[in-house]
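Each chain is listed here by its residues.
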Amino acid sequence: MKLTKKEALNGYLLLAPAFILLIFLLLYPLFYAAWISFYSKIFGGPAIYVGFKNYIDTLIDPEFYYSFLRSLMYTFVAVLFKLIAGLFIGMLLNREFRARRIVRSVVILPWVLPLFVVAFIWMWMYDYALGLLNNMLKSAGLPVIYWLSKENVMTSLIVVNIWRGFPFFTMGILSGLQSIPQDLLDAAAVDGASAIQKFRYVILPCILPVIYIVSLLSIIWTFGDFTTVWILTRGGPGRASTTIPIYLYYIVYAEFDTGKASAASILTLPFSVFFIYLIVKLLRRAQE
Amino acid sequence: MKENLVKIIGSIGICIAIFIVLIVVLVPVYWMVITAIRPEIDIYRRTFFPADITLDHFIEIFSNKPLRQFHVYITNSLIVSLSVMCISIILGSLAAYSLVFIYYRGKDLASSFILFAYVFPGFILMVPIYMIFRSLGLTNTYLGLILADLIGAVPFATWMLRGYFIGIPADLVDSAKVDGCSHLSILFRIILPVAAPGVVTAAVFSFVSSWGSLLFPLLLIEGERLLTLPLGIMRFAFGEAYHWGPLMAAAIISALPPTILYGLVQKYLVKGLLAGAVKG
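Quick note, the sequences are listed as chains H and C, same order.
Going by my numbering, the first residue of the first sequence is number 1, and it counts up by one from there.
Going by my numbering, the first residue of the second sequence is number 1001, and it counts up by one from there.
None of these hints come from the bench; they were simulated from the model.
It is possible that some hints are incorrect.
A short list of chain H residues far from chain C (calculated; beta carbon distances all over 12 Å) [said to hold, decoys possible]: (1) Ile-56; (2) Ile-60; (3) Ser-175; (4) Asp-183; (5) Gly-192; (6) Tyr-201.
Straight-line alpha carbon distances no greater than 27 Å define the calculated DSS-like cross-link-like pairs of lysine-lysine that follow [as the list claims (entries may be wrong)]: (7) H:Lys-150 - H:Lys-138; (8) H:Lys-198 - C:Lys-1007; (9) H:Lys-53 - H:Lys-41; (10) H:Lys-6 - C:Lys-1107; (11) H:Lys-5 - C:Lys-1107.
Even glycine gets a Cβ: it sits at the ideal position worked out from N, Cα and C.
Chain C with its partners taken away, still in its complex shape (with noise of 0.2 Å):
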């Protein structure tokens, strides 16, 4: 009997617990979506909850309106993230394949290079690629722009696909090769299809890095043109009084590709976030 009351105060403290943490996560994006959805007027009313609905301040930031051509931030940061998305899976599985399932000497110390520079932190970089790139011309470009984001997406995919590869028995390609068939129609035909979820998720991690980045696109472009998203919120943001609607819209459209891409590959989400480091 005593037990049992033990049991049940102990789940209604886990209850609590876990509604409390559900709280913490949800309100601030509620009151991301509240402030995006309602009435400028009950903004400034400042009540918890919807009194009316609009679509106003979505309409606003399309309106291409100076510092509202969401439109054309959309396609900078579509063309980038899609471009380091492909690039570094091509490159990345290349190299991962090279990695896992052919033997040569310096494997050990190219994957601990692919590792390092995985981590290395690109902030250390601002400086060098600013001055590189600008004599280069690749300032103000879509090809600079791609660059500076494939620094940390490449090493990270191969590094990721390399994860992936090694759970694929090696008999597979050695059978394949005794067959006579290239390395390259080895890893199209055979490992990309087996690793399937693997390369889809290490696409979704190098399209969402690049879709946030915001310290290279900084340094590289100037004028409007070629604005990503980040940058034109934040030139939206802080060009004038804030106008807490249309930029918490503006930050909802931001949030949806990598919020619906990661939600497609929640399944290897875990396994994809901490790099091969954990089992399972």
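Only chain H is shown next, with the shape it has when bound in the complex (with noise of 0.2 Å):
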């Protein structure tokens, strides 16, 4: 196909809705939280140049460290969790068995659920007169556990993030596997592999790429998951719960301080430029 410039006008033409759009909703936001990361700004009043001082507020204040440190440990914990179970029940899964697609549908469930009803429905499993889990330490002759107090809130966190999302890396593995040659697997078991050696050189160099995706893709997300946070425990109980989103919305809404959050979400950006980078690059070999 030539490359004419009639052509080339049709086709900016066509992308340029959705890259207006963008600009104005994406890449000027962004620019404009830099610009005002330089400045102390009440909302409705003049913007004061202040220089590097929101930055040094935020790199001074302890809890933007504890916030960073809870939201990465809710991360990497999560995600670990969700890899091993969706590995787990995708090798599971892919077996035949009678009410296998049943079976599927139903595993998918949690993650079809809008993230916020998820939220409520173990707000509710969590209640600690009421709630389901209590109810059933008390048959057992348990004591009941205050499952959103100070030492137990991001455990109890973090088990509601990998309920949630453990489908999602079901899902990606399970096509995964179903994916590999039946040739290969016939081959290593000609050749008398055993299932561990089956697993380790055939089966895994083949799902590993979707390993990676569906692992990077969650960090972003779990990283960035405000909604699971804000309506089980809205960062409490005190700031045990508080974790990077929570943190810059209360610096909006208790501190009303949009220079200091500004520079706080710039702060926390190349944690997510880095995965985003490795997400794109992969993405893109993948489709080329």
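Take the two lone chains, each set in its own frame, and fit them into one complex as the hints suggest.
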């Protein structure tokens, strides 16, 4: 196909609506945040240039580090367990058995439910007086647990995230498993490979690309998860479950400090951008 | 003989494992459903199986009393989510068509930018979006809510449709071009019908992403009039002592549209889920 000018113009024209929208709603706000991070600005008031003050304020705020560490813990523990559950259940569902289709449909259910619905269900599951989990402990004669107490809250939130997110890994890994050529598995069987060898040398290399991509996407999404935490705890009790998105929300709404909130957003950017870069590289390669 | 025994024990083990997985998935869902359809008194009795069944909690949430105006929340959510769905499919299919079937410079960069926008975490934009939308008078408007949800939905729809369009033979487009068809007529008459399952799947994903969005509506809405479902339920849940029955009834109603829609596109779900990362 020739590279004609008119043709190129058509290409740009069709691309334009989506791009104009994204420039206005994504790039411009991003630069706006970078700009405002050097200013002190209260809603409605004038912007006063303060240099790096907002960055210094953020960097000497211990809550920023605590929130970041909580976010890292939330993200990596949840993703690790989602990956393990996804691998295990994916292999399980890859076998032939009766009612396999129904079981598969049921297993994606947590992921199909809207995140806020999942959060409300678990708020009810975790309820101290009437929730199902403490009901079961009581009937088993065990002491009840404050699921959302200072000590337990992060674990409880991670459990919700795993419950909601593991089907994404399961379905991804399952589709990876199903794309493994049968002759490859037969050849391994003929060569007398043990189950572990078969997994290590045949199955794992085939599903590794899928594992990478679902893990990376999940890292980005879990790190940015506002809904689960907000509905279940609003970052509490105290600040025991304040992750980065909640931390930012509070700076805007409790301290009305948009300059500092922007500086803090910009400071978390490198983390996100690193994983976005990996995703873009991987997905672009997969599609070429 | 011994091998048979191992096989039988193995399949029993697998049955048990599948059973455990099903229990873990279904018990919380069961707990939601059972709470929504049992009388209040049974909620306090804390039994696992229902004695009586009632629709009182569903009637309650639609009773139009303060904080129980679910018909309003549902209408708001539908207006926003359907608009987001339509706009992202239109803009997404135009952009995806351009990225796949037209040849020009800078296409790789444009594709990468779309992907970047798709995975970009929305919470980072919390501050600037709030400030910009406020100064433009977009807070407390449908338009503001729709625009905020489009930030994720448009690049996602574009990327997904691009994945589907790539599978369409370029000859189809080239021969139509030779026949003198314009790009728009090729897109609407040839490409979209051929990629129909992909278009429907992308539409479902866009709808559902907007249906579940919490952060931006939380930033942009004040007052009662424009509350979407998650916000309406939150006000209701945190406004007073917990009323678990109506709360779970509301949760079921919120869960229905996504569940039904995903059910319709289940065959294409996985491919959409991975946004073209794996083939098949």
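Exercise. Can we trust that H:Ile-60 is non-interface, i.e. its beta-carbon lies farther than 12 Å from all of chain C?
Worked result: Nearest chain C Cβ is 20 Å from H:Ile-60, so the label holds.
Problem set entry | Pairwise hint evaluation, C:Lys-1107 against H:Lys-5, where the allowed Cα distance is 27 Å at most | Measuring from Cα to Cα gives roughly 14 Å; hence the hint holds.
Exercise. Can we trust that H:Ile-56 is non-interface, i.e. its beta-carbon lies farther than 12 Å from all of chain C?
Worked result: holds (18 Å)
Problem set entry | 12 Å cut-off, C-beta based - H:Tyr-201 kept clear of every residue in chain C | holds (21 Å)
Exercise. Between H:Lys-150 and H:Lys-138, is the straight-line Cα distance small enough, at 27 Å or below?
Worked result: Judged against 27 Å, a Cα distance of about 22 Å means the pair holds.
Exercise. Does H:Ser-175 really sit off the interface, with its C-beta more than 12 Å from all C-beta atoms of chain C?
Worked result: violated (5 Å)
For this session: Verify the proposed pairing of H:Lys-6 with C:Lys-1107, using a straight-line Cα cut of 27 Å.
Result: holds (16 Å)
For this session: Could you grab the alpha-carbon distance between H:Lys-53 and H:Lys-41 and see if it respects the 27 Å cut-off?
Result: Distance of about 12 Å is within 27 Å: holds.
Exercise. Does the claim that H:Gly-192 lies outside the interface with chain C hold up, using a Cβ gap greater than 12 Å?
Worked result: With a cut-off of 12 Å, H:Gly-192 remains clear of chain C, as the shortest Cβ separation is near 15 Å.
Problem set entry | Check on H:Asp-183 being off the interface with chain C, judged by Cβ distance over 12 Å | The claim holds: H:Asp-183 sits with its nearest Cβ about 17 Å from chain C, beyond 12 Å.
For this session: Quickly compare the C-alpha distance for H:Lys-198 and C:Lys-1007 to 27 Å and report which way the hint goes.
Result: Status holds; Cα separation ~18 Å.
Taken one by one, the earlier hints fail for this structure only at number 3.
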